[in-house]
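Student: Sequence:
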Amino acid sequence: MIPSYLPNLSSFASFCLTLKQRACPHCHGVGDLIRHGFLLGYGPGSERIQRGWRIFCSNRQKRRGCGLTHALLLVEYLYRHSVTASTLTTFLKNLQTGLSLGASWPVCPQTLECGRRIWRGLRHAQVRLRSLLCPLASPPSVADADPWKQTLDHLLGLFPSVGDFHLRMQISLL
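Residue 66 in our numbering sits at position 66 of the sequence shown, with consecutive numbering throughout.
Read the hints as simulated data drawn from the structure, not as lab findings. Here a beta-carbon is modelled for each residue, glycine too, at the ideal position from N, C-alpha and C. Among these hints, one or two may not hold up.
Ranges between beta-carbon positions, derived for each pair [to be verified]:
hint: 1; residue 1: CYS27; residue 2: ALA143; range: 45 to 55 Å
hint: 2; residue 1: THR111; residue 2: ASN59; range: 21 to 31 Å
hint: 3; residue 1: ILE34; residue 2: LEU101; range: 25 to 35 Å
hint: 4; residue 1: GLU47; residue 2: ASN8; range: 13 to 23 Å
hint: 5; residue 1: SER10; residue 2: GLY45; range: 21 to 31 Å
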């Protein structure tokens, strides 16, 4: 199986050594995976940074591959978001302490509207998050009746950072 998140650059180098022995996540064919370039994104200050890599199941020159690509990201980055995992962790921990949405977001470099979009995405993913977290550990007992507060306490109790969630679950939090 191909992971979706890797902890660092050196783990990608060791991952590439076994790339031909791994099965494609789409067609499950073995032997057709190749490196297919970098995933670039924007960092703080609008600078271009490498966020990960593309893995291609090659169907070129009579190979049996399906022709689809798979994104392989560093744990610090969220798939299809400019917000980093450490920024999201800070935001979630601020919310957990009881700060409002507006008061939790100014520590982050993006606008408040970005924070609201992230918040809406997390609210919509709450059912999926709870179904992922409950098999790992029972939810903590919380005096607060708000289900989102319970989900947030459960998430941050199991995973101190969003990067830890990515490494363990191999899916994006959002």
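Student: Each hint should be assessed against the structure and marked as holding or not.
Tutor: How the hints compare with the structure:
no., hint, verdict
1, CYS27 x ALA143: 45 to 55 Å, "holds (50 Å)"
2, THR111 x ASN59: 21 to 31 Å, "violated (42 Å)"
3, ILE34 x LEU101: 25 to 35 Å, "violated (44 Å)"
4, GLU47 x ASN8: 13 to 23 Å, "holds (20 Å)"
5, SER10 x GLY45: 21 to 31 Å, "holds (26 Å)"
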